[in-house]
Every structure is written in C-alpha cells, then in structure tokens.
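There are 2 protein chains.
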Amino acid sequence: MALIRSVFQDELDGISQSLVDLAFMVSEAMSKATTAILTCDLKLAEEVIVADEKIDDFQHDIDSRIIDIIARQQPVASDLRALVTALRMGSDLERMGDLSHHVAKIARMRHPDSAVPTELVEIITAVGKAAIKITDKTGLVISTRNTEMALEVERDDDEMDGLHRELISILIEPTWKHGIETAIDLTLLGRYYERYADHAVSISRRVYFLVTGKFAS
Amino acid sequence: MALIRSVFQDELDGISQSLVDLAFMVSEAMSKATTAILTCDLKLAEEVIVADEKIDDFQHDIDSRIIDIIARQQPVASDLRALVTALRMGSDLERMGDLSHHVAKIARMRHPDSAVPTELVEIITAVGKAAIKITDKTGLVISTRNTEMALEVERDDDEMDGLHRELISILIEPTWKHGIETAIDLTLLGRYYERYADHAVSISRRVYFLVTGKFAS
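First to last, the sequence lines map onto chains A and B.
Numbering-wise (the numbering used here), the first sequence opens with residue 28 and increments by one.
Numbering-wise (the numbering used here), the second sequence opens with residue 28 and increments by one.
Among the hints, erroneous ones may be present.
One copy or two, it doesn't matter: identical chains are merged, so the pair holds either way.
[As the list claims (entries may be wrong)] Within a straight-line C-alpha distance of at most 20 Å, the following computed EDC-like cross-link-like pairs (lysine to aspartate or glutamate) qualify:
| hint | residue 1 | residue 2 |
| --- | --- | --- |
| 1 | Lys241 | Asp84 |
| 2 | Lys132 | Glu221 |
| 3 | Lys132 | Asp188 |
| 4 | Lys241 | Asp95 |
None of these hints come from the bench; they were simulated from the model.
What you are looking at is a predicted structure, and each value in this text was computed from that prediction instead of being measured.
Build out the structure end to end from the sequences listed, making use of the hints.
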C-alpha cells in the first residue's frame with residue numbers, strides 16, 4: 028500500500044510540475060505578446076499566435092494524465108479534490124494562453140501601425156509587467172503551495188485593476204485624439220490583461236483552498 | 028451489480044438535469060440583463076446582479092455532487108469522462124452567468140442614462156436574442172445529447188460573430204457621434220455577448236465529443 032501511495036504521490040507531483048511548466052509557457056507568451064504590441068513586432072506576434080497551439084496541446088496532455096490517474100488510482104477525499112483542482116488550474120492557464128494570443132492578434136491586425144499610441148506605451152508596459160509578475164508568482168504558488176504568496180497574488184491583481192482603471196480614464200479624457208478604433212483596441216487590450224490576471228488569481232485561490240480548506244478573501 | 032449501475036445512471040441523469048436547470052437560470056439572467064440595458068431598468072439590472080450568487084451556488088452544488096459521485100462510484104472510462112465533462116459544462120454555465128451579470132452592471136452604471144444609443148437598440152436586441160437562442164438550444168443539447176443540434180449551436184455562434192462585427196463596424200463609422208465612453212461600453216458589451224456565446228459553443232462541443240468521440244469542426 029505504501030508503494031502504491033508513493034507512486035500516486037509521484038504522479039500528483041508530476042502533474043503539479045507540468046502545471047508550473049504550463050504557467051511558464053503562458054508567462055512567456057504574454058511577455059512576447061506585450062513586446063509585440065509595444066514594438067509592432069509582427070514576427071514576434073506570429074510566434075505567440077503559433078505557440079498557442081502548443082499551450083493547448085500541453086494542457087490537453089495534462090488533462091488526459093489527470094483523468095487517467097483518477098481512473099487508475101480511484102482517489103477519494105483530498106486526493107480527488109487535488110486532481111479536480113489541477114484540471115481547473117490547467118483550464119485557467121490555457122485560457123491565459125488564449126488571452127496572450129488575443130493580445131498578439133491585435134498587434135498583428137494593426138501592423139505596421141501600432142495599436143498603442145506613444146503616450147500609452149508607459150501604461151501598457153506597466154500592465155504587461157504586472158501580468159508577468161502575477162503569472163510568475165502563480166507558478167511559484169503552484170509549486171510551493173505557499174499560502175502567503177497566494178494572498179500576494181490577490182494584491183497584485185488589485186494593482187492590475189488600478190492600472191486598468193487608469194487606462195480607461197486616459198481613453199475617456201476629453202483630450203483623447205486617437206479616435207474610436209484605437210480606443211476600441213485599447214479597451215479590448217485592457218480587458219484581455221484584466222481577465223488574464225483574474226485567471227491567475229483564480230489559480231492562487233484554488234491552491235489556497237486546497238492547502239487551508241478555507242476561501243481566500 | 029445491475030442495481031449499482033442503475034443508481035449511478037440515475038445520479039448521472041440527475042447531474043444532467045441540474046445542468047439543464049442551470050442553463051435555464053443563465054438564459055433568464057441574460058434575457059433580463061438585455062432588457063435592463065435596453066430599457067434602462069435599474070430594478071431588473073439589480074435583480075440579475077443579485078441572482079448571480081444563486082447561479083454560483085447552484086454550480087458549486089453540482090460540482091460537489093459530481094466529485095462525490097466520482098469518489099463513491101469510482102467510475103472509469105466513459106463514465107468518468109462524462110462526469111469530468113459535466114464539471115466543465117458547469118464552469119461554462121457559471122461563466123455565462125457572470126457575463127450576464129457584467130451586462131447588468133453596465134446598465135446599472137449608466138442608469139438613468141442608457142448605455143445603448145437609440146440607433147443601436149436594434150443590433151443589441153438582435154445580439155441579445157441570438158444569445159438566448161443559443162443558450163436555450165444548448166440546454167436542449169445537454170438534455171437530449173442531440174449532435175445535430177450541437178452543430179446548429181456552432182452555426183448560431185457564426186450569426187453572433189456576424190452581429191458582433193456589425194456592432195464594431197457601427198462604432199468605427201466616421202459618423203459616430205456618441206463619444207468614446209459609449210463606444211467603450213458597447214465594445215465591452217459586444218465582448219460579453221460574444222464570450223457568452225463561445226461558452227455555449229464549448230458546452231455543445233463537449234456534448235458532441237461525449238456522444239461521438241469526435242471533435243465537432
């Protein structure tokens with residue numbers, strides 16, 4: 028029994044490691060997408076768009092492994108909950124990959140023009156940095172199960188929400204001179220980054236709940 | 028063994044019925060949210076905002092029941108896949124509830140003004156109708172497992188995408204006279220309805236895959 032348990036534990040650890048790897052892929056995708064949109068780099072945008080398929084495949088592979096573990100090991104109680112949570116974290120990460128892909132698609136759509144006017148480069152840079160910080164921390168939360176760090180992700184998301192409000196307030200200033208189309212692009216961009224961070228928060232909350240049995244609030 | 032199998036089947040059917048009930052709640056939420064935004068009905072908007080908690084609770088309850096069934100019945104192969112798929116369909120529906128809630132929040136935020144200028148009432152009405160049609164059909168797909176109908180949902184989503192493109196094209200017309208803030212509201216509204224329909228498509232694809240073992244394309 029001890030041996031079976033140990034194989035199971037190894038399998039769980041393997042899933043956890045794969046989720047960390049997936050978080051790394053997603054972070055890299057969003058980092059490149061942000062650079063692509065800030066520098067009108069078409070090649071980089073297309074790299075992100077193509078890489079999204081790899082992220083999807085990687086997540087499907089994790090999913091299949093989790094379902095296979097449930098079928099073979101028939102875990103109950105906390106082990107089953109950990110596996111179901113891992114399924115959900117995989118979905119969150121996959122969605123974060125999609126959102127990076129959406130950012131890259133706006134960069135590609137506007138190329139060779141920039142979707143981001145010069146005076147907004149600073150805020151979009153900050154939004155991008157906040158997104159990467161939050162993803163990297165989320166990867167650490169998955170691997171270390173550190174609940175303090177999980178709560179930090181919530182605070183990092185407050186920072187993201189603040190940046191998002193700032194972005195929208197720039198768009199609605201009476202002095203805005205870049206027209207509706209650019210405002211629409213930036214509204215969607217803001218929304219993509221905001222949702223991206225929400226998924227990271229969702230992952231951290233799931234880890235927090237797994238470890239403590241309580242909801243982070 | 029036959030008896031156990033039958034209890035299990037009843038439990039699966041119960042989950043399926045609850046997902047249909049959840050789809051109905053979500054459809055009602057989006058229907059009311061659309062009326063609220065079109066008629067500046069603050070009371071109705073607040074009703075949708077409050078009802079979102081019920082949708083969340085209902086989904087959590089379905090989730091717990093599914094995990095409990097997996098733990099007790101230890102299903103393998105197709106039964107396990109059906110239960111994991113049910114978990115995912117619950118998440119999709121819960122997210123559709125969130126998006127209805129977002130629509131209602133825009134209605135509340137702009138009250139007593141309207142977020143939707145008169146000349147856009149027609150397209151937002153059409154978008155809202157398309158959303159309800161797609162949700163109601165998705166409910167039927169869950170309950171009947173009709174794969175033809177699942178494919179119809181894909182086509183209904185094409186209609187939604189067409190309406191979404193039409194909406195954006197109105198916003199970027201040079202004759203647009205409602206300013207940036209209204210354009211931002213409508214960009215976000217369009218995005219919420221589009222994502223809402225995407226989740227319905229995702230549910231229909233899951234059912235299609237469960238029944239046929241193939242991806243709908």
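Tested hints:
Taking identical chains as interchangeable, the C-alpha atoms of Lys241 and Asp84 lie at most 20 Å apart only when they sit on different chains, with a minimum of 16 Å there against 32 Å within one chain. For the homomeric pair Lys132 and Glu221, the shortest alpha-carbon distances inside one copy (17 Å) and between copies (17 Å) are both at most 20 Å. For a Cα distance limit of 20 Å, the shortest separation of Lys132 from Asp188 across copies, 17 Å, qualifies, whereas the shortest one inside one copy, 23 Å, does not. Taking the closest pair of Cα atoms, Lys241 and Asp95 come within 20 Å of each other only across two copies (19 Å); inside a single copy the shortest separation is 28 Å, beyond that limit.
Hint check: no violations occur; every hint is consistent with the structure.
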